[in-house]
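Participant: In UniProt numbering, the protein residues as written are 1 to 199.
Treat the hints as calculated values from the structure; they're not laboratory data.
Worth double-checking, as some hints may not be accurate.
If you anchor each label on the Cβ, the simulated ranges turn out as follows [unchecked claim]:
(1) Asp130 <-> Asp188: 21 to 29 angstroms
(2) Thr133 <-> Gly184: 29 to 37 angstroms
(3) Lys151 <-> Gly88: 26 to 34 angstroms
Computed from a predicted structure; not experimentally measured.
For each residue, glycine too, the CB sits at the ideal point set by N, CA and C.
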Amino acid sequence: MQKIFLILLSLLNSYLYADKSIDCNIHIDISKNSTQKVVLQLSYDKECSIVMDQNSSKITIMPKADNNISTDINKTEKLISLAKSKLGASYEPAKSGPDHFDCSGFVYYLFKENGIKIPRTSLSQSKSGDKLTREELKRGDIVFFDTYDRKHVNHSGVYLGDGKFIHSSSGKAYGVTISDIDKGFYKDKFRWGVRKIFK
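Can you make the complete structure from the sequences, with help from the hints?
Facilitator: In structure tokens:
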């Protein structure tokens, strides 16, 4: 259990108390109005920002939003929105959009439209980053399968979360569809995932 530190801040003859649970350096920017803004740079370079009323006796430290994480989340949701807009688009070998796709062509198209260049084939895509286990998967990760049990990747899609992924299937759906990773045909076919970082 982390030790809780008590900091005493003196601003314009007012005493304000803040609890913090991690060592950090403190910079105080004193404005001329009725509020004080305190910015804390944590030891692991994550910022916290607090605006507090001068009459308050206690302040709460809240993490400041990480702009890079926010950008990643926004672009991931944009990619998934584009993917879902293609639901029902027909499967066609060697096609990568915008209206017909094979499996890797669908994944290639989604990332290309969001400014990320990835390999064209499922096998090459599966080698384009560190391997992720089923438990490590996050929304927007590329997921890979060996649908013929031949010990090599031959199918790819995009993970949606909650055990679902979207892909262009050459099976019964014969087009862009949403399937389960944890049950049905793909349960024993999943091999690993790869995460691409948005710039």
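Participant: 21 to 29 angstroms was suggested as the range; check whether the CB atoms of Asp130 and Asp188 agree with it.
Facilitator: holds (23 angstroms)
Participant: Could you check the hint for me, namely that Lys151 and Gly88 are 26 to 34 angstroms apart, CB to CB?
Facilitator: holds (32 angstroms)
Participant: Holds or violated: 29 to 37 angstroms for the Cβ distance of Thr133 and Gly184?
Facilitator: violated (20 angstroms)
In this structure, only the earlier hint numbered 2 is contradicted, and the remaining ones agree with it.
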